[in-house]
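Chains as they are written, first to last, in my numbering: chain A, 1 to 505; chain B, 1 to 151; chain C, 1 to 326.
By construction, these hints were calculated from the structure, which means they are not laboratory data. Misleading hints may appear alongside valid ones.
[Said to hold, decoys possible] A few chain B residues that face chain A, going by a derived Cβ cut-off under 10 Å, partial list only:
(1) A3
(2) V14
(3) P35
(4) I58
(5) E115
(6) F149
[To be verified] Chain A stretches covered by chain B per the calculated footprint, using a threshold of three residues with CB under 8 Å from any CB of chain B:
(7) 54 to 67
(8) 211 to 221
(9) 244 to 252
(10) 392 to 400
(11) 431 to 439
No residue lacks a Cβ here, since even glycine has one placed at the ideal position from N, Cα and C.
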Amino acid sequence: MAVFDHIATGFTAVFTLQKLLYCFFGVFMGMLMGVLPGIGAMATISMLLPITFYVSPDVGLIMLAGIYYGAQYGGSIASILLNLPGTPSSAIICLDGYPMAKQGRAGPAIFLTTVASFLGSMFAVILLLTIAPLAARLALTFGAADYFSLMILGLVAAASLARHGVARGLAMVAVGLILGMVGTDVTSGTYRFTFGLLDLADGLSIIAMAMGLFGVSEIISNLVSGAHRRRVPQSIAFRDLVPVKKDLRQSSGPVARGGIIGAFLGILPGTGASIASFVAYGFEKRISKVPGEFGKGHVPGIVAPESANNAAAQAAFIPTLTLGIPGDAVMALMMSALIIHGIQPGPTVIESHPDLFWGLVASFVIGNVLLLIMNLPLIGLWVKLLTIPYRYLYPVILVLICVGVYAVSSNVYDVVQVFLFGIVGYLMMRAKLEPAPMLLGFVLGPLLEDNFRRALILSRGELSVFVERPISLSLLLASAALIAFSLRRPVAVAADGDQSREVSR
Amino acid sequence: MLAGPVLLLFGAAVFAAAWTYEIGELRRMGPGYFPMLLGATLCLFAALIALQDAKDRISSGRRARRTIRSGTGNRFQWRPRILPLFAILLFAMLLETAGFVPAVIAAVATAGFAERSNSSLAIAVIAAATAIFTSTVFVYLLGIPFRLFAV
Amino acid sequence: MNAISNIVIGAIAATMSAAGVTTAALAEYPERAVRMIVGSVPGSGPDVLARSMSEELAAALGQPVVVENKPGAAGNVAAAAISRGDPDGYEIFIGTINMAIATWLPKEPPFDPATDFAIVGRVASIPDVLVVSPELGPKSIEELIELARSRPGELNFSSPGVGSLQHMGTDTMATMNGIEMVHVPYKGGKAATTAVLAGEVDMFMAGMPPAIPHIKTGALLALAVSSAQPFPLLPDVPTFTDTVMPGYSAAAWYGLFMAKGTPDDIVAVVNAAANQALSDPNVIERFANAGAAVETSTPEQFAEFVAAEAARWKKNLEELGLAGTR
Numbered sequence: 001m002a003v004f005d006h007i008a009t010g011f012t013a014v015f016t017l018q019k020l021l022y023c024f025f026g027v028f029m030g031m032l033m034g035v036l037p038g039i040g041a042m043a044t045i046s047m048l049l050p051i052t053f054y055v056s057p058d059v060g061l062i063m064l065a066g067i068y069y070g071a072q073y074g075g076s077i078a079s080i081l082l083n084l085p086g087t088p089s090s091a092i093i094c095l096d097g098y099p100m101a102k103q104g105r106a107g108p109a110i111f112l113t114t115v116a117s118f119l120g121s122m123f124a125v126i127l128l129l130t131i132a133p134l135a136a137r138l139a140l141t142f143g144a145a146d147y148f149s150l151m152i153l154g155l156v157a158a159a160s161l162a163r164h165g166v167a168r169g170l171a172m173v174a175v176g177l178i179l180g181m182v183g184t185d186v187t188s189g190t191y192r193f194t195f196g197l198l199d200l201a202d203g204l205s206i207i208a209m210a211m212g213l214f215g216v217s218e219i220i221s222n223l224v225s226g227a228h229r230r231r232v233p234q235s236i237a238f239r240d241l242v243p244v245k246k247d248l249r250q251s252s253g254p255v256a257r258g259g260i261i262g263a264f265l266g267i268l269p270g271t272g273a274s275i276a277s278f279v280a281y282g283f284e285k286r287i288s289k290v291p292g293e294f295g296k297g298h299v300p301g302i303v304a305p306e307s308a309n310n311a312a313a314q315a316a317f318i319p320t321l322t323l324g325i326p327g328d329a330v331m332a333l334m335m336s337a338l339i340i341h342g343i344q345p346g347p348t349v350i351e352s353h354p355d356l357f358w359g360l361v362a363s364f365v366i367g368n369v370l371l372l373i374m375n376l377p378l379i380g381l382w383v384k385l386l387t388i389p390y391r392y393l394y395p396v397i398l399v400l401i402c403v404g405v406y407a408v409s410s411n412v413y414d415v416v417q418v419f420l421f422g423i424v425g426y427l428m429m430r431a432k433l434e435p436a437p438m439l440l441g442f443v444l445g446p447l448l449e450d451n452f453r454r455a456l457i458l459s460r461g462e463l464s465v466f467v468e469r470p471i472s473l474s475l476l477l478a479s480a481a482l483i484a485f486s487l488r489r490p491v492a493v494a495a496d497g498d499q500s501r502e503v504s505r
Numbered sequence: 001m002l003a004g005p006v007l008l009l010f011g012a013a014v015f016a017a018a019w020t021y022e023i024g025e026l027r028r029m030g031p032g033y034f035p036m037l038l039g040a041t042l043c044l045f046a047a048l049i050a051l052q053d054a055k056d057r058i059s060s061g062r063r064a065r066r067t068i069r070s071g072t073g074n075r076f077q078w079r080p081r082i083l084p085l086f087a088i089l090l091f092a093m094l095l096e097t098a099g100f101v102p103a104v105i106a107a108v109a110t111a112g113f114a115e116r117s118n119s120s121l122a123i124a125v126i127a128a129a130t131a132i133f134t135s136t137v138f139v140y141l142l143g144i145p146f147r148l149f150a151v
Numbered sequence: 001m002n003a004i005s006n007i008v009i010g011a012i013a014a015t016m017s018a019a020g021v022t023t024a025a026l027a028e029y030p031e032r033a034v035r036m037i038v039g040s041v042p043g044s045g046p047d048v049l050a051r052s053m054s055e056e057l058a059a060a061l062g063q064p065v066v067v068e069n070k071p072g073a074a075g076n077v078a079a080a081a082i083s084r085g086d087p088d089g090y091e092i093f094i095g096t097i098n099m100a101i102a103t104w105l106p107k108e109p110p111f112d113p114a115t116d117f118a119i120v121g122r123v124a125s126i127p128d129v130l131v132v133s134p135e136l137g138p139k140s141i142e143e144l145i146e147l148a149r150s151r152p153g154e155l156n157f158s159s160p161g162v163g164s165l166q167h168m169g170t171d172t173m174a175t176m177n178g179i180e181m182v183h184v185p186y187k188g189g190k191a192a193t194t195a196v197l198a199g200e201v202d203m204f205m206a207g208m209p210p211a212i213p214h215i216k217t218g219a220l221l222a223l224a225v226s227s228a229q230p231f232p233l234l235p236d237v238p239t240f241t242d243t244v245m246p247g248y249s250a251a252a253w254y255g256l257f258m259a260k261g262t263p264d265d266i267v268a269v270v271n272a273a274a275n276q277a278l279s280d281p282n283v284i285e286r287f288a289n290a291g292a293a294v295e296t297s298t299p300e301q302f303a304e305f306v307a308a309e310a311a312r313w314k315k316n317l318e319e320l321g322l323a324g325t326r
C-alpha cells in the first residue's frame, strides 16, 4: 500500500535530531506566541523566517509549520481564559470557552480543546496521506461563483449562531461586511471609506477589531459590573482540571464532525480555517437537542470548532504544497521560504521531494503529539493565571493587547483602532449584538465581493451563473436550508438573557 | 433599546455614501454597487431588530422599567468606562514619541486607576513589572525593533 | 566609551548638523544598526529580496541590518513615512515600481518619487512573463494574438490589481495589436496565476515569482517576456519587443531609498555597500530563486531612471483614465 510507503518515507525522513528539535522549537514558540494577544502565527513566522535561511529547507518548513499549528493551540487558550481571540476561528472558541472559565471550568475547557485540536489535526493528516493530490485537484475546480456561494454558507452559519435572534446575527454579519469594504477595492482600485487616510488603504486591522470587540469591551464590562470581585475561584486541584465523563461523551461526535468539515474546507485556498470553525459550530447547534445551551459554556461549542479549525490548518498545506497555491498569508510566507531555497511547490513536489513532503506530514504527527504532551501539564499553569486577582491582571492584559497589535503591523493607527473597536464592542455588548458574526463578515467581506463581481465579469453579467454550477447551487441550497431552520426555530433567549453578561449599573 | 435605530442609521449612511462612488452595472459593477447592496441589507435587518425589540419591550415593559430605575440609582461610573480606553489612546500617542517603556508605564498606570480598589503602590509595581516583562519578551526575545526610549 | 561621553558627542553632533557641518560628525556612519524597511508583508516580493541581501549588506556596512515590515497601500504608506523621516541614514527603504505607479492613483499623490527621496541605487528587476494554460491552444505569442483577434471580447486576462504594471502591460499589448479582451482583476499575483491554472481566465502577464514554478512544471506555458533582452531565467522565451510589441519593455524594479535630505556621502556609503552585497554569489542565487535579476547602479543613474519611470507610468495611467481617481 502506497500509504504505508508514504508513512515510512515520512518518518524515516523526520527522525533526525535536528528535525525533531526544530519541530519542538516551532510548536513551542507557536503555542507561546499564540497565547499572547495579537501575536499569532503570522507575526511569529515572519520574525523567525530568517532562521530558515540557514537551515535546509525541509527543516525550516517543519519549524514554520510547527509555529503555524502550534499557534492554533495557543490561540484558544487566550480565548478561554481571557476572552482574547486573535482570529475569527478563536473568536468562536470565546463563545463557549470563556463562559466555561467563568464557571470555574477553565481547566476542562483547555483540556478538551487541546484534545480536540489533536484529533482534528490527525484527521487532516490521514486525509493528507491518502488523497492529497486528488484533494488539491478538487480545490482547483472551485470557481468564483462557487467561492461566493461557499462564503454565503459561512456567513449564514455565523448569523445563525447568534443567541439573540437571527436578525441580530444577520445584521452583525452585514456590519462586518460593510467594515470589510474599507480600503482598496480590488476590482476597480478605488479607495473606499478611507476618509483620505493612506493608513486605511489596506482596510481595518482584523486583530485590532478582534481585540477591541472581545478583549477591551470585556475588560470594561467586568470593571463596570464589578463581576470580577465575585468571580468563581478556579480550582487547581488535578481532578478539577480534567473533564468529567459527561464532557467526553458530549465531545466525541462534535470532534469527528468538526474534523470532517475542517479537513474539507481547509483544502480550499483562502477561506478554510475561519469558515470551517463557524460552519462546524453552526452545524452542531443545528443538530443539537439543546441549542439553547450554546453560548453558555456548552462543551460541543468549543470542541467542534477547535477540531475543525485545526483540521483546516493542516489541510491548508495541501493546495500550498501540491499546487503552489497558498491559502493565506502564512502559507504564502512558507511558500516563499521554500522558493528562496530553490524548491518550487507544485504538482511535482511530491515526486521530486518525497522526503520533504512526507517528512513534513510525519512532522505534523510528531508536532501534534508534542503539543498534546506539552499542553496537558501546562493546563494547571494556565489556570493559575486566573487566580491572580483580576484588578492586577486587567491592566497587563490591556497593555499586552496594545503591544501585540502594534508588533504585528508597526502602525500606531492599529492601536487607535483597538480604542475605537473597544468603544463599539462595549456598546454592542449592551445592545445584545454579538461580535463573532461581525468578525467573520469582516474577514469574508472582501472575498465575497471580489468573487461576486468576478463571477459576473466572467459570466458577462448573467446572474444564472450562481445556480448553473452544481457546486455553487448545492452550497446556496444548504445556506437556504440553514436560514429556514433558524427562522423556524429561533433560539429565543431574549427573555432569560445571559446573566453573566448583563450589566445593569 | 437603541440597537435597531442606530443600525438603521448606519445602514442608511452607508447606502447614501455608496452613491458617491461609481455604481456601475451588474456586468461590471463599480465600487459603489456592493456597499449600496450592503447598506440596504443592513437597513432591512435593523428594521427587523427594531420591531422585535419593540415587541419584547411591550411584553416585558414593566420589568424593563424597573431595571432602568435601578440603573439610574447608582452614580454613572466613568472611571471603568473611560480610563481603560484612554490608556489605549495614551499608549498609541506615546509609543513613537516617547518610546516603548514610557508608553507601557503610562498605559498600565492609567488603566490601573479604572479600578477603585487598586492602590497607587500596586499600580506602580504592576507598571514596572509589565514594562520589564514586555521589554524582555518583545524586544529581547522576539527581537521586535521597538525603541525602548525614543529620546 | 561610556554613556556620558556618548551623550556629549551626540550633543555636539546635533549642534554641528544643525549648523550644517554634517560631514565631520557623520564620517563614522554607520555607528549603529540600520533598519531596512519593507513596504509590504513578510514573504512578499520586496521582503524576500530585502531578507536575501540583508546579511551581506550588514557585512558590507559593518553594522547589523534589521529588516522591518511596514505594509500598506502597495508600499506607499512606508514610502511616504520614509520620505519625511530623519535624514540620518539609519532607515533604508526597499522601494518598488509601485512608487512610480500607485503614487499617481490617489487624488493627492503622497509624494513625488523623483524629488522626495535621497535615491541610493538599484537592486534588482523582475520582468513580466505572459502565461497561458497549455490547453488554451496557442503555442506562441503570435498565435495567441490571432486567437484573441478571431474572438473579440471573449478572452479574459487576469491581473494582480487595477493599475498594476501587469494590467497596464496587457492593456498596451491589446491596444498595439487591435484586440479586445476582458480584464479580470485579482488580489495579488498568486491569485491571478491560480486563475490561469484553474482555467478561470485565459492568460496572465505575470510577474516572475508566482509564475516560474508553474512554468517549470509545465502547468503554464510562457509565451513572451517583457524585458528588452531574453530573461536569463527563461532563456528560450522570446521578448515582447521582438514579437508583438515592438519597442516595448517594462519590468518591476526594486531599489533603495532614504529620507529626503540625507547627506550625499551617506548615500554613497550605502550605495557602495549595497553594490558589494549584490555582487555576492549567494545573494545573486537567492535573487534568482525568487525570479529576480540583480541590477546595480550609481545613485545618479538610478535617480534618473526613477524620474523617467515616474513620468512614464503617470502618463500611462492618465491615458487609461486611472490617475488621480482614488
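Evaluation of the provided hints:
About 4 Å separates the beta-carbon of B/A3 from the nearest beta-carbon of chain A, less than 10 Å, and the hint is met. The restraint placing B/V14 at the interface with chain A holds, with a minimum CB-CB distance near 5 Å, inside the 10 Å limit. Taking 10 Å as the C-beta cut-off, the interface hint given for B/P35 holds, the closest approach to chain A being about 5 Å. Annotation: interface hint on B/I58 violated; nearest CB of chain A at approximately 13 Å, more than 10 Å.
The closest approach between the C-beta of B/E115 and any C-beta of chain A is roughly 5 Å, which is under the 10 Å cut-off, so the hint is satisfied. A hinted interface residue such as B/F149 counts as satisfied when its beta carbon comes closer than 10 Å to some beta carbon of chain A; here the least separation is about 16 Å, so the hint is violated. Given a C-beta distance limit of less than 8 Å, the hint that chain B covers the segment 54 to 67 of chain A is violated, as 0 residues qualify and 3 are needed. Here's how the segment 211 to 221 of chain A fares: 3 of its residues keep a CB closer than 8 Å to some CB of chain B, so the rule of at least three is met and the hint holds.
Under the rule that three or more residues need a Cβ within less than 8 Å of chain B, the assignment of the segment 244 to 252 of chain A is violated, with 0 such residues. Residue count for the segment 392 to 400 of chain A with a Cβ under 8 Å from a Cβ of chain B: 7. That meets the three needed, and the coverage hint holds. A count of 3 residues in the segment 431 to 439 of chain A with a Cβ less than 8 Å from any Cβ of chain B is obtained; the coverage claim is therefore met, three being the minimum.
Violated hints, in rising order: 4, 6, 7 and 9; the structure is consistent with all others.
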